[in-house]
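Visitor: Residue numbers (this note's numbering), protein chains in the order written: chain A, 47 to 437; chain B, 47 to 437.
Because the hints were derived from the structure by calculation, they are not lab data.
Heads up, some of the hints might be wrong.
For chains that are exact copies, the list does not tell them apart, and a pair is met inside one copy or across any two.
Below are the SDA-like pairs computed for lysine to any residue, each with C-alpha atoms no more than 20 Å apart in a straight line [what the hints assert, rightly or not]:
1. LYS424 x ASP322
2. LYS286 x VAL156
3. LYS221 x GLU180
4. LYS74 x LYS120
5. LYS326 x ASN395
6. LYS210 x MET425
7. LYS172 x GLU280
8. LYS177 x GLU75
9. LYS172 x ILE278
10. LYS393 x ILE153
11. LYS368 x GLY379
12. LYS113 x LYS204
13. LYS258 x SER333
14. LYS177 x SER333
15. LYS326 x ILE301
16. LYS388 x ARG329
There are 2 protein chains.
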Amino acid sequence: MIKNEKDVSFKITPWEVEGKVNYDRLVKEFGTQYITENLKKRFLKYANALHVLLRRNVFFSHRDLDKVLDDYDKGKGFFLYTGRGPSGKMHIGHLLPILFTKWLQDIFDVNVYIEITDDEKYVYSKDAKWKDIEKYADENILDIAAVGFDPNKTFIFKDSEYIKHLYPLALKVSKHINLSMARAVFGFDTTTNIGLIFYPSLQIVPTFFERKRCLIPCAIDQDPYWRIQRDIAEKFGYHKASIIHSIFLPPLTGIDSKMSTSKPEGAIFLDDAPDDVERKIMRYAFSGGQPTIELHRRYGGNPDIDVSYQWLYIFFEEDDDKILEIREKYSKGELLTGELKKYLIEKINVFLENHRNKREKIRDKVDKYLYDGKLAKKMWEISFEDIFTER
Amino acid sequence: MIKNEKDVSFKITPWEVEGKVNYDRLVKEFGTQYITENLKKRFLKYANALHVLLRRNVFFSHRDLDKVLDDYDKGKGFFLYTGRGPSGKMHIGHLLPILFTKWLQDIFDVNVYIEITDDEKYVYSKDAKWKDIEKYADENILDIAAVGFDPNKTFIFKDSEYIKHLYPLALKVSKHINLSMARAVFGFDTTTNIGLIFYPSLQIVPTFFERKRCLIPCAIDQDPYWRIQRDIAEKFGYHKASIIHSIFLPPLTGIDSKMSTSKPEGAIFLDDAPDDVERKIMRYAFSGGQPTIELHRRYGGNPDIDVSYQWLYIFFEEDDDKILEIREKYSKGELLTGELKKYLIEKINVFLENHRNKREKIRDKVDKYLYDGKLAKKMWEISFEDIFTER
Chain A
47 MIKNEKDVSF KITPWEVEGK VNYDRLVKEF GTQYITENLK KRFLKYANAL HVLLRRNVFF
107 SHRDLDKVLD DYDKGKGFFL YTGRGPSGKM HIGHLLPILF TKWLQDIFDV NVYIEITDDE
167 KYVYSKDAKW KDIEKYADEN ILDIAAVGFD PNKTFIFKDS EYIKHLYPLA LKVSKHINLS
227 MARAVFGFDT TTNIGLIFYP SLQIVPTFFE RKRCLIPCAI DQDPYWRIQR DIAEKFGYHK
287 ASIIHSIFLP PLTGIDSKMS TSKPEGAIFL DDAPDDVERK IMRYAFSGGQ PTIELHRRYG
347 GNPDIDVSYQ WLYIFFEEDD DKILEIREKY SKGELLTGEL KKYLIEKINV FLENHRNKRE
407 KIRDKVDKYL YDGKLAKKMW EISFEDIFTE R
Chain B
47 MIKNEKDVSF KITPWEVEGK VNYDRLVKEF GTQYITENLK KRFLKYANAL HVLLRRNVFF
107 SHRDLDKVLD DYDKGKGFFL YTGRGPSGKM HIGHLLPILF TKWLQDIFDV NVYIEITDDE
167 KYVYSKDAKW KDIEKYADEN ILDIAAVGFD PNKTFIFKDS EYIKHLYPLA LKVSKHINLS
227 MARAVFGFDT TTNIGLIFYP SLQIVPTFFE RKRCLIPCAI DQDPYWRIQR DIAEKFGYHK
287 ASIIHSIFLP PLTGIDSKMS TSKPEGAIFL DDAPDDVERK IMRYAFSGGQ PTIELHRRYG
347 GNPDIDVSYQ WLYIFFEEDD DKILEIREKY SKGELLTGEL KKYLIEKINV FLENHRNKRE
407 KIRDKVDKYL YDGKLAKKMW EISFEDIFTE R
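Bound conformation, chain A alone (with noise of 0.2 Å):
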């Protein structure tokens, strides 16, 4: 949680986000670094062109991110990390660290790990049912699937499903975690539930499936959990997590904040039919346009607050020359309101139609991942026991 006294305009915790984010202050409070340029440019020795949510800075902090290239060029390799609270349908602001962990794996060519936080989800609300969330769950398992990871490098496991394996390293990792640390850093206080409590120790195991670095991809409000791994891993004889840091995509209905479930006006799910696309998007999506055509075509808009071109620029329009073609016009007045949305909703739709004939493909191949790939059949073999050799 961030405590500054002179400004509580904004409380980040892996639960909450509240309030306009400020990102620099972040960085500075979390104690992350920028991706700077150069950093960005180490990844073109791998890759033709660097994707698009690192180009834009969507990707924009990291944690020793130089020290899991290093690695790399020295031969010793490294892992991949992420995660999905299912407590929900997914919109696309989830998908977007997904998207990008697939593309670290194929230009890399390593393991992926992506734990479905069942337990976290039904812990944390009191409402939640545990069969909507395991349905929730499955439901995301298919859409994680779907953008294609390598069925033999990828492990995707329900908490509550792999428990068996992860348990043991949780009651290792909780040993280390005091009640004073896990308030100061997760913000819990006497109404937290027990076993909202106990978690952290789950998402923080998987840092320890190999011995090699982790890379974990992933939006700022998860780094609380890095910073107790980054405390303990070496006491274990284990390097300390890395960690690549996104912002959060902003709802349609203004930059400030981030896309969430329950405000469902402001998300686009990966369910949304061709027609609730244009409907959001025409009702909801912030603009930053003049009231009228005249008053827009003698001003201009202001892209920096509108939704619309936000999008475009996160994700949605990844040529550089055709975005700054976009920028300019819409500044200018040329491009009205309606004909940025109606670019982005043809975008956007295109982009669901595609993920959603691949969701459908990969129904039958899902078990790959879950259970009989070569990296998920070794998991549900191993033994974490050497994790016991106490250092």
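Using the hints provided, position chain B relative to the given structure of chain A.
Guide: The following block gives chain B in isolation, referenced to the frame of chain A:
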């Protein structure tokens, strides 16, 4: 944790028993009931005689034991649940509730669940090594199985091994226990690790293994768990747990505390050789006798503070006439401390030899309790999803 500002001479949590235990005060402060002679008599409907531990008030307190007997009389039945924390070798004090549970199974012919809390013991002690805990768990299971439970109506499970079944239920329990409650009931503080804070959920889960009433024979220090269980059980559509509480078997070194593995001079372990038993009793068993034989013959001994007498009374001399005779002779000085000790040594060594014979014989059959017996098999096949029918 007992809070009493006037008298801080003792402290009881499931992990610490310090100072002279005042059982009357525990009954009052925990809000339990004494087991009355009338309640004891109800057992004579099912058994020819009362178990010595019940007759001699080692099991002295209860919650809703009368309701369990009512349910049994009405044909509704009930089930038994007890446990063992495998932090080391078992001593005689650990075996008493197990022996008593076996007697209850014999007379009522009901299911017994025995939880081996390897998770608890691992997270409780900073220095505990997982491999040691697991080794002790396996050894302890043999000692428990040796008492001869019905192999088709008894399920012994290690938490870490059975966790996939326990975990979703534990999460559900955990949602009903907030930090404030956990601190008040268990005395957790800011230095407590988050594994131990979560653990009470796991100990409560087995009370929901059946929809019948659950009767728990245990030492009274375990009562905090059941107070929480009783707070939440009815919200789940289950019965409040019923408990039958024992005092602690006093250590050899004096009647005022609890036998402890960490003070081996005060405990007789189940694997102590006859020589060890003799040496320990002769050397450490606190005597209520006089300093010299002459004084003893003249003034007599005090059986109420004499540990050898107490052990005979509590468990090792079941014959009521015989124990009364010993008491009288010892009080009058006719029986010397050395003689009393010799009598106890022989009783203990016969008991231990018998126990170890049974332990060797059960080795090949222990899988019945763990995996193959009728109840164990069912428990490995069961899914507790029905408990998620939220109420």
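Visitor: Each hint needs a verdict: does it hold in this structure or not?
Guide: Results for each hint:
1. LYS424 x ASP322: Cα proximity of LYS424 and ASP322: none, with 42 Å in one copy and 48 Å across.
2. LYS286 x VAL156: within (18 Å within a copy, 51 Å between copies)
3. LYS221 x GLU180: Between. Shortest inter-copy distance 17 Å satisfies the 20 Å Cα cut-off; intra-copy 29 Å does not.
4. LYS74 x LYS120: neither (31 Å within a copy, 68 Å between copies)
5. LYS326 x ASN395: Intra 12 Å, inter 81 Å, cutoff 20 Å: intra-copy only.
6. LYS210 x MET425: both (12 Å within a copy, 16 Å between copies)
7. LYS172 x GLU280: Between copies, since 17 Å is at most 20 Å while 36 Å is not.
8. LYS177 x GLU75: Result: close neither inside a copy nor across copies, 38 Å intra and 40 Å inter.
9. LYS172 x ILE278: For LYS172 and ILE278, the Cα distance is within 20 Å only across copies (14 Å; inside one copy 31 Å).
10. LYS393 x ILE153: neither (25 Å within a copy, 74 Å between copies)
11. LYS368 x GLY379: within (16 Å within a copy, 106 Å between copies)
12. LYS113 x LYS204: neither (29 Å within a copy, 41 Å between copies)
13. LYS258 x SER333: neither (46 Å within a copy, 61 Å between copies)
14. LYS177 x SER333: neither (39 Å within a copy, 61 Å between copies)
15. LYS326 x ILE301: This pair counts as within: shortest intra-copy Cα distance 16 Å, inter-copy 75 Å.
16. LYS388 x ARG329: within (12 Å within a copy, 92 Å between copies)
In terms of the numbered hints stated before, the structure departs from hints 1, 4, 8, 10, 12, 13 and 14, listed from lowest to highest.
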